[in-house]
Structure formats: structure tokens, C-alpha cells
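Novice: For this one, chain A is given, so just place chain B on it according to the hints.
Chains as they are written, first to last, in full-length UniProt numbering: chain A, 1 to 766; chain B, 1 to 417.
None of these hints come from the bench; they were simulated from the model. Each statement offered as a hint is correct.
Simulated pairs of lysine to aspartate or glutamate, DMTMM-like, Cα-Cα distance not exceeding 25 Å: (1) A:Lys627 to B:Asp279; (2) B:Lys240 to A:Glu596; (3) B:Lys123 to A:Glu709; (4) B:Lys54 to A:Glu637; (5) B:Lys100 to A:Glu703; (6) B:Lys54 to A:Asp681; (7) A:Lys627 to B:Glu235; (8) B:Lys240 to A:Glu630; (9) A:Lys535 to B:Asp34; (10) A:Lys702 to B:Asp89; (11) B:Lys211 to A:Glu630; (12) A:Lys702 to B:Asp130; (13) A:Lys467 to B:Asp49; (14) B:Lys240 to A:Asp635; (15) A:Lys589 to B:Glu235; (16) A:Lys702 to A:Asp715; (17) A:Lys742 to B:Asp130; (18) A:Lys627 to B:Glu224; (19) B:Lys240 to A:Asp590; (20) A:Lys702 to B:Asp96; (21) A:Lys523 to B:Asp248; (22) B:Lys211 to A:Asp590; (23) A:Lys467 to A:Asp529; (24) A:Lys683 to B:Asp49; (25) B:Lys54 to A:Glu605; (26) A:Lys627 to B:Glu210; (27) B:Lys257 to B:Glu196; (28) A:Lys627 to B:Glu135; (29) A:Lys742 to B:Asp129; (30) A:Lys627 to B:Glu215; (31) A:Lys702 to B:Glu125.
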Amino acid sequence: MDSGEGPARPVTLDIAVEDFANDSLAPDQTISHHAFLLPEETIDLGGECVTPLEDSTATPSESLLERLNDQMMESVMISDSPNISEEDDVAPIDSFLETGDNEDTGELEASVSAVGKPDVILHANETEAELDQQESGSPDQEVKEEEEGNDQKGQQGEKGETVTVLVSAAHTPSPPSAMDEDLAMPSLMEESLKDEPVPVCTIFSQGNQPKTLVPDGFQPTLIKSPSFSMASGGGSDETGTPSKLTPPLVCQPSPSLSKFFSDNGHMNPASDFFDSFTTSSTSSFISVSNPNAEAHITPPTPEPGLPAVPPQPQHFNQLQAAFSGSDDPFATALSLSEVDRRHDAWLPSTETRKVLVAVATQQYNQAYVERDRITMPGLKFDNLQSADAVQEALLRRVPPTSPVAHSPCVCFVPPPLQSGKNWRAAADLTGRLLTAHGQGYGKSGQRTSHTSDSLQLWFVRLALLCKLNLFQSAEMEMEPFGNLDQPDLYYEYYPTVYPGRRGSMVPFSMRLLHAELPQYLAKPQDALDHLHSLKNACTTILKNLEQGLAEDGSMTTLTQENRQASIQLWSSRLTRSMYSIANCLLSMKDYVLAVEIYHSIIQYEPQQRVQLLSGIGRIFLQIGDIKTAERYFQDVEKACQATGSHPSHTTNVLMNRAFVHLSQNNYAEAHASFSQVLKVDPKNPVANNNAAVCLLYLGRLKESLGQLEGLVQQDPAQYLHESVLFNLTTMYELESSRSTQKKQALLEAVACREGDSFNTLCLKLV
Amino acid sequence: MEVNQAKQEHLLALKVMRLTKPTLFTNMPVTCEDRDLPGDLFSQLMRTDPSTIKGAEALMLGEMLTLPQNFGNIFLGETFSCYISVHNDSTKVVKDILVKADLQTSSQRLSLSASNSAVTELKPECCIDDVIHHEVKEIGTHILVCAVSYTTQFGEKLYFRKFFKFQVLKPLDVKTKFYNAEVSLSWRMTDEVFLEAQIQNITTSPMFMEKVSLEPSIMYNVTELNTVESGEEGESTFGKMSYLQPMDTRQYLYCLKPKPEYAEKAGVIKGVTVIGKLDIVWKTNLGERGRLQTSQLQRMAPGYGDIRLSLEMIPDTVNLEEPFDIICKITNCSERTMDLVLEMCNTRSVHWCGVSGRQLGKVGPSAFLSLPLKLLSSVQGLQSISGLRLTDTFLKRTYEYDDIAQVCVVCPFMNES
Numbered sequence: 001m002d003s004g005e006g007p008a009r010p011v012t013l014d015i016a017v018e019d020f021a022n023d024s025l026a027p028d029q030t031i032s033h034h035a036f037l038l039p040e041e042t043i044d045l046g047g048e049c050v051t052p053l054e055d056s057t058a059t060p061s062e063s064l065l066e067r068l069n070d071q072m073m074e075s076v077m078i079s080d081s082p083n084i085s086e087e088d089d090v091a092p093i094d095s096f097l098e099t100g101d102n103e104d105t106g107e108l109e110a111s112v113s114a115v116g117k118p119d120v121i122l123h124a125n126e127t128e129a130e131l132d133q134q135e136s137g138s139p140d141q142e143v144k145e146e147e148e149g150n151d152q153k154g155q156q157g158e159k160g161e162t163v164t165v166l167v168s169a170a171h172t173p174s175p176p177s178a179m180d181e182d183l184a185m186p187s188l189m190e191e192s193l194k195d196e197p198v199p200v201c202t203i204f205s206q207g208n209q210p211k212t213l214v215p216d217g218f219q220p221t222l223i224k225s226p227s228f229s230m231a232s233g234g235g236s237d238e239t240g241t242p243s244k245l246t247p248p249l250v251c252q253p254s255p256s257l258s259k260f261f262s263d264n265g266h267m268n269p270a271s272d273f274f275d276s277f278t279t280s281s282t283s284s285f286i287s288v289s290n291p292n293a294e295a296h297i298t299p300p301t302p303e304p305g306l307p308a309v310p311p312q313p314q315h316f317n318q319l320q321a322a323f324s325g326s327d328d329p330f331a332t333a334l335s336l337s338e339v340d341r342r343h344d345a346w347l348p349s350t351e352t353r354k355v356l357v358a359v360a361t362q363q364y365n366q367a368y369v370e371r372d373r374i375t376m377p378g379l380k381f382d383n384l385q386s387a388d389a390v391q392e393a394l395l396r397r398v399p400p401t402s403p404v405a406h407s408p409c410v411c412f413v414p415p416p417l418q419s420g421k422n423w424r425a426a427a428d429l430t431g432r433l434l435t436a437h438g439q440g441y442g443k444s445g446q447r448t449s450h451t452s453d454s455l456q457l458w459f460v461r462l463a464l465l466c467k468l469n470l471f472q473s474a475e476m477e478m479e480p481f482g483n484l485d486q487p488d489l490y491y492e493y494y495p496t497v498y499p500g501r502r503g504s505m506v507p508f509s510m511r512l513l514h515a516e517l518p519q520y521l522a523k524p525q526d527a528l529d530h531l532h533s534l535k536n537a538c539t540t541i542l543k544n545l546e547q548g549l550a551e552d553g554s555m556t557t558l559t560q561e562n563r564q565a566s567i568q569l570w571s572s573r574l575t576r577s578m579y580s581i582a583n584c585l586l587s588m589k590d591y592v593l594a595v596e597i598y599h600s601i602i603q604y605e606p607q608q609r610v611q612l613l614s615g616i617g618r619i620f621l622q623i624g625d626i627k628t629a630e631r632y633f634q635d636v637e638k639a640c641q642a643t644g645s646h647p648s649h650t651t652n653v654l655m656n657r658a659f660v661h662l663s664q665n666n667y668a669e670a671h672a673s674f675s676q677v678l679k680v681d682p683k684n685p686v687a688n689n690n691a692a693v694c695l696l697y698l699g700r701l702k703e704s705l706g707q708l709e710g711l712v713q714q715d716p717a718q719y720l721h722e723s724v725l726f727n728l729t730t731m732y733e734l735e736s737s738r739s740t741q742k743k744q745a746l747l748e749a750v751a752c753r754e755g756d757s758f759n760t761l762c763l764k765l766v
Numbered sequence: 001m002e003v004n005q006a007k008q009e010h011l012l013a014l015k016v017m018r019l020t021k022p023t024l025f026t027n028m029p030v031t032c033e034d035r036d037l038p039g040d041l042f043s044q045l046m047r048t049d050p051s052t053i054k055g056a057e058a059l060m061l062g063e064m065l066t067l068p069q070n071f072g073n074i075f076l077g078e079t080f081s082c083y084i085s086v087h088n089d090s091t092k093v094v095k096d097i098l099v100k101a102d103l104q105t106s107s108q109r110l111s112l113s114a115s116n117s118a119v120t121e122l123k124p125e126c127c128i129d130d131v132i133h134h135e136v137k138e139i140g141t142h143i144l145v146c147a148v149s150y151t152t153q154f155g156e157k158l159y160f161r162k163f164f165k166f167q168v169l170k171p172l173d174v175k176t177k178f179y180n181a182e183v184s185l186s187w188r189m190t191d192e193v194f195l196e197a198q199i200q201n202i203t204t205s206p207m208f209m210e211k212v213s214l215e216p217s218i219m220y221n222v223t224e225l226n227t228v229e230s231g232e233e234g235e236s237t238f239g240k241m242s243y244l245q246p247m248d249t250r251q252y253l254y255c256l257k258p259k260p261e262y263a264e265k266a267g268v269i270k271g272v273t274v275i276g277k278l279d280i281v282w283k284t285n286l287g288e289r290g291r292l293q294t295s296q297l298q299r300m301a302p303g304y305g306d307i308r309l310s311l312e313m314i315p316d317t318v319n320l321e322e323p324f325d326i327i328c329k330i331t332n333c334s335e336r337t338m339d340l341v342l343e344m345c346n347t348r349s350v351h352w353c354g355v356s357g358r359q360l361g362k363v364g365p366s367a368f369l370s371l372p373l374k375l376l377s378s379v380q381g382l383q384s385i386s387g388l389r390l391t392d393t394f395l396k397r398t399y400e401y402d403d404i405a406q407v408c409v410v411c412p413f414m415n416e417s
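This is chain A alone, in the form it adopts within the complex (with noise of 0.2 Å):
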């Protein structure tokens, strides 16, 4: 680039020179001298031939898109941020619903010219008429069958939503460390399950009633119960035993969580079950089903996967005193388990560790614990299925007319191998299954009990609502739970339901999440605070380890198997937090830090080793120091050297040529070099997404947008992502006026493909 441009002339600034010569002849001829002298001024980089600068408070760039309204009859592209506003999301669909045809159209037309593409603006007849031809030409038979089912839907709206929770859990007496071992192994994403029997539990959607639709489109999503890593002791052999139950159509289903909440078995299920429910002293009434309280003598039948045929739901209003511990606690203390102690290990403040002291002694009863010091969560948002973007983007882009408006499941019949993206309809489950334990919708500020199911349930949502982006919805619902370490976050607490159980039910993935949280929302210092501290555990804990102590700090002899493991747990822990600092570090484009801690991180994960250079040399890269990246780059290949040829390594090293290349202004060797990752992996899909974007910097549209299209046709599992379909309508925008089909061709795409979640605003549907 330097030389390409070298004979220009660089930009001069002009300088206005003030009167600097302060010690100029005094008239009374009197010079006093000093060693230094400090004149001041102003380099005016403005000059005479500049138009002054109006509204120089506003922000540029907003000037500058008034600016092009104002004057402009067309305007450069400009594009929205693909990131999700949350507004946005919280509308609710009803209010699309409800607008008219013609309404729809005219605001999109207003809004079009608003931005000054006039030839963006949509006809609603001739969108009708292609959507039409694309359907009759697809022989798509999702298409057909929800064409039937159109029908049968009938005025039925949402509400007509039946959801049907099973859940087949069933495990193997086996010991605990086996046990384990089959819980780490890969289960989801697969219908049919491995010969182990994992407990699992299955989520998915069922009409029962002929008049009813699915329209949120719920996945057969299979998600693990947490109840395996309960299952430690070889006590009871209840069996999961899958139950089917059709909940009535009211605002506050009751799914039927049966073995969700398998406990540990040295007590009877039944009663764990309700004591997870009812064990603090309130007398409020719950609506649970559990299927359990019978099913526990059902025999082990390990038929993951097949939801076999269950025995009638049943629902009944249960009031359960609290269960008083008559177990002898220090027995059960001892058959706890390693691995539980592993995981739910954690360092409550002074504060906390008094309370949960004072509980184990029994000299507490934790009815008279200060409110202020009681986790009161609740539901904040009953049902976010209504704000979902790809289904409102669908109805908004479709006339009402067109049989696809009228069912926008046609994009949630099951695709093969979905992979459970519905992360909405997942959301709202975890929010019904929470409304079942009592902490549903406002039930925020109100006296509750926590069970380590509970809290998973409320990790589970925490993360949905972040992929999500609901970042203030998922604040909002965590704000009762503080900082996590209330007394009545601990096992300890509930010496009954517990006993001789210790440690945090707050899963550390939550506690992660929840420190990353505010990084979100424009509040990073808090975000980096949280996460400092979670490191500070993560480092104290290991200095207990190492130490011969137990993770707490107590005096509880190990074994060295155990010490391993629990080292080898924590410091993973402790890599993922400085993961996390760092990574907020680097939206905070405090790079120097950012830095320093993924360099450190080398330390603990020295497998990653070519990544987490890379990753540096790219962050350098991205402020523009160039030396410094290659230095990085240089050290990569020197690692990748080292460890023997790999065809990862070679595909990382070209790429960071080529990002080199790219920052050098050389579109054409970064192009090469991408496309020399592709002869060895010819299917990866950042180098054919960045070679694609190389080529449109050499001015050759049309090939770079053949690539991406082709790409996004043969393997849409990998392309329908964000990155590669917001380049793509970028392109078809550069390239026709007839953008607005294209893209709406992407969204049914996505539609079909992606689960509800989807970022819409990548494909820049105005």
C-alpha cells in the first residue's frame, strides 16, 4: 500500500502561529534571561480552505446519516449492527399480528424511504407472488404438511400450546466414578441415544388435541438431567420413568418434572422431591405432578430415547411440612460423595459462613433468617416466545395472505439432526418448570426454597437469555439472587433435605455467568470486579489443594486420585475465569491487559498454546500494529514447529499470514493465502467466508457473492451463520435493486434451518 500510494503527497497542516516571542526587547532595555523558555501553541490542522465543522457535539457518524437524509437522494449503504436490540425482542408478536396488510406495507415503505433506498421498498403483491412461486417450486413437504396443518389450526392462537414434558431418566446401580464417566460422554444432539443409559431429559412438543398447533415449534431438545450427579448411591433403583402429561391450557402449566429431580437415594425420592418444593415453612400450596411417587418401584428399563408408554400423570395438590432430618447426618456425610464435594465446593463470605454454621449447629431456624438475606427470585418475563425474531421477521416480510404467514412453524418441523437452537421455547420452559417450584412469574420478593435443580433450571435460563441477548431481562431476573451468596445458596442450609452435603447449589458456570453479566450492559468494571473475585476463589482453592487441605479449607484427608481430579477441576476453572476477564478486558479495548491474560493463560492450557498467540497477534492486528502481530505469528510458527506438522497448525499459519497480508492492504495475497487453507481443508468455513470477503475487496463481486452462495447451498449447516449471511446481504445489497427477494430467499432458509433464536438483523431486512 505504501508504495501504491507513496507518490502522493502527504496531508499538510496548516499552522497558525501565535506570538510565542515572550521575552522580546523590553522598552526599559532590561532583559531577564531564563534557562527555559515555554512558549505554547496550536497546530490548527483545520486550514483556510475547510468548511467549519456545524454540530461538531453530535456524534460523526449520526451527523452524517442526518446529513445524508437531509441532502441526499441516495444514499450510502449503511447498515444496522447485526446485534439484537432487546426493545426490539420484548414486543410482542400480537401487535404484528394485528397490523393490516396494508398498515404493514405502509410502514415499511415509510421506513424504507426514510433511509433514503428507495429501491428497497417492498411491494406486498410481488413478494406474495414469489413467495408463492418458491413454495409451489419446493418440494419441500414441511411445507405441505404445515399447509395441512394450517388448517387445522384454526383460529387457535398461541394459547393452543401443548407441551409435553418427558422425561426418561433411568440409571445404572453403578458406582459413582463409573457413573461419572458415562455422564461426560457426548449425548446430545442424537434422537436416538447411546446404549448407556443417561438419564436425560427430553423436552419437545406434542399436539394431543387435534385443534391444537405447535407454534412455538418446540425441538426435541434433549437436555441431561441434572439429577445424575445426584444419583451417586447404589440406595434406591427408581427408575426414570418417562411420563407424558398434558398440562392445562392455563398461563402457568404444571409440566411434570418426575424424575427431573431425582435426589440422592438414601431418602425416599418421593419425599426429596417434595422437599425440594415445600421445605422451607411456608404453607403455600404447589401444583406438582410427580409420576415418581409411584414410579420409583417401576423396575430399570434403560430405554433412553423411547418414550415409553407412561403410567397416567398425576396431579395432585401436595402440603408437605418440612421434612425433619432424622437421618443421622454425620453417616450420611460420609457416603458424600467426592464428586459432588469436587464441584459444589465454594468459600462463603464470613457473613454467610456464620449463618450456615449457626444452621448445622441448629441453633438457626432458617424461618428467622433476615429477609435481606434470602435468595426471593421469580420470573420477570412470562413468555418470551412471543418476541420471537425469526418468526416476527417472517410475518412482518409476508403478507397474512401467503399460507406461509398463516404458519410460521413451518420453519420448526423438526429438521433432521436440529440441534436444538430453539433456545425461546427453551427459555420459556425453564420458566415454566420454575413456576412449578414456585418462583415463577412475580414470584420475585416471596419466600422460596432452593434445590440444586432449581438453581441449574436458573443457570439453564441465565444462559439462554444470554444467547439470547436479553441481557436486561436475564439482570433483571438475577438481581434477587445478589451476589450469589446468600446463606440459603448452600447445601448446608438445608441440613433436612441435604444432609452432610456442603458447598454451593449455585453451579460455577452460573456464577460465571452471572459476573460476566454486566459486561453486557455497559457496565464492565462490574463485570471485571465479579470475575476477579471468582478467580480469587478459584486461586484459594487451589492453595487449599495443594496445601493438603479439602477445597474449603478444611481439614478433610483426600485421596490423591481425588486431590488430582479436584486440582485438575479447578484450575480449569480457574483458566475459564481468566478467559473471562480477558475477553471483557478486550471489549473494554483495554488491550494491554487483555493481553497480558490470554498470554498467561498459556501457562495453564499449554494445548492451546497456537490459539491463544494467534488470538494476541490478531488483537494486535485489530489496534494496527503490525511488527508486534508478526512477532506473535512468528512464535506461533515456531510452536507449530515444535509440536510436529498438524494440519490445524498449517491451517493456522496461513491464516495469520493472511491476515497480515490483509492488513497490509495486499487483498491479493490474503486472498491467496485463504485459499491455500482451502486446499488442505477445503470445507473450513472461515478461510472460504474470508477469501470470499478478499475477493469483493478486489472489486470482484460477483465471484466473491458465487462463493458465499454456494457455500451457504451445499453446506447451510455451516454458513447460515451470522458473519457469513451479513456479508452476504451486504453483497446482494451492493450488487441489484433486487436485494429485498434475496434476502427474504436467506431468511426462509434460516427459517427452516435455525432455531428461534436467530439473529434476524444480520440479514438487514429493514
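Specialist: Coordinates of chain B only, in the frame set by chain A:
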């Protein structure tokens, strides 16, 4: 709005997109442990997500490039790159297409098109692509004017234009300060000038300062004082990371020495002199480059008046109440001969030894005298030497010299006791 209507009649469509550098996609890692409720669902998803780094999924910064998402800001000294695409939307072949791109600034109009030759024909669904580059050299409103002329199948000549307006903003705020050092560290009289340049990043993104150098005028040699010599490689005074966050300011320091041939001419440099100009090269996201030069920095040489007094020798540390020697150099900077009388006035701390009011004799223009003097200090600490008065008996003018230099006065008995 006329363009809108006219546009529908046109067979060709013109699209323009600014090509800033692409960005790297960042993902949001959400992880859980195998023991948690979602099992390995999240980690599985992260592994299959094409935008994550395989093997280090928790690393936020991915490798996927995304095209620029908006027009962004453009700053003086950066290169404006633009993709211009003319697409045949019609079903007919179009002939003799000429695409012209001009940039209208407030002072001039530049042609940016690479070629001025017409394309003979354009089939339906085909396009003419052009990527233009231009280094912006003016601040303020710029208008990119794209004109397309073509001939239809029926020989009808058509023409349309589109305008794209953007503002060029100022990226840096540069302030300079001069420090005149009359004596160098070796207490030799010099005419060294130190230039401090404060450079502030007034953009909204971090800026890597690739080069900030001072190109001196022919009168000066420059030494950059922005690295600390340690070992073989000099380390930057700004630390390892040479980037400037938005609104951060950084001070660069340069030492300028007059070249001997200029310094010895007339003994001193008088009046306004040109020092040189700053050359600044910066880079931002993925090597987006910008370059600016200041105009010639000018300095008013300190007015020495008729007589310049400088020090040739002075100790840095002296003992309390113990006389010490200094050597003053008195230069006649005027155009006439002077007859000088030296008076020495004691101050609170400095006491001169010797006779005050002695005749120094005649000093011609540009001639100088070396004058050894003796004095002592009665107060400890850093003391300023003041109180010299020179009187030109021809014109009866008195020149005062205060704060000529500083010495550190220490008590010699402190160490022994």
C-alpha cells in the same frame, strides 16, 4: 426526488459501498460444565459454531471476517476506498457504458475513476465493478459524484448521476512547545531547542502510532528522545503497546541542534526560524492507515537582546559557604561596539566575591568575553545564581541577568557526622 423517478426508467443501477477494513467477528462464549443441566450442549454448539476458535472456544476474538457494517467515520489523512458497482437490472443489453466517479471537496474536484474508457456492452444481470481509492487531504464536506452514461438498444443515450456526501473529520490534535536550552549538559554554550509535541487522538477508536517523527529543516539536526536506550534495542518511553486510546494524549520529545555551519554564522540564531515538520503515520483496525504532516513548525529564537550572557562552566554541587568558580561568556549580539561595566549584587543566598563595578573593556559586535567569577552560597539547597548587571557605558543601558543557572549547595559536614 427527481432522481427517484428518473431512476425507474433507467436500465442500470448504481451501488456504492465504502470499503473500510473488514472486522473480525467476536462471539460470546457461554459455557457450562458437563455436570450442569445442559450437559455438553453448549460446548458442542460452540465447537460446531464456525466462528469460534477450535480448541480455544472461550477466546472471544474469532477469525471470521465481516464486511464493514456502516459508513463509519473518515478522517483526514486516511484513504477513502469505495466499491462502485453498476448493475444491469434490465433484460436488455446496454451499450457504451461510461462510469465516472469524481470527488468534490470545498476547494476542488478530483477524478477518481481509474479508466475513462467506456465499456462497450453490458449484458443483463452483469455488472461493472470498480474500486477507487483516494487519500483525503481536506477536512469537511466531500461529495462523491458518480455519473453513468449509456446507450440503450435503440440508440437512446441516457445519463444519470448519484451523489454521496460525507464529512471528513480531524483525527488528531497536535500541540507543540519549544524549550530553548542555552547550555547543554556539558555546560557548553549551545543553541539546542527541545520540541515537545502533544498528540491527542480525537477519534473514537484506538490508534496505533506507527511513526511520529520530526523532519528538521536544513538548519537543524534532530535527535528523537522517545526511546530509552537499554541494551541493544531502544525501548519506547510509551511502553510495549504503542497505541493511543480515544482522547488520550501523548508527548513526544525531540532535541534539535543547529548544524555547526549555521550556528557559527553570526554566533546566534535570531528571529523566526523554521524548525521542521512532524510526520505522523497511524494505523487502526486491521491496518487501516492514515498519515498527516504538520506544516512547518516555526520558532521565534529567544531574543538575546544586545548582550547575551551564558555560562561556560559551573559546578553542579558546591559546599556551603565555600567559594566556587564559574565562567561566564558574554557575547555582544548588537551591531555596535560596547564598553561594559560589570556589577555584582548579592542576593539572599548568593554572595559574589571580588570587586563590583569593574570595567570589562570594549567588546565589538559578535565578539565575546570569557569571564571567570567567584561566589559562595550561604544557604543550602538548590540555589539560583542571580544578580549580575552589565552596563554599556556608551548608551548608558543596564542589562540584568538573574536566574542564570542553579547549583546544589550542600553542607560538607553532613556526611562526616
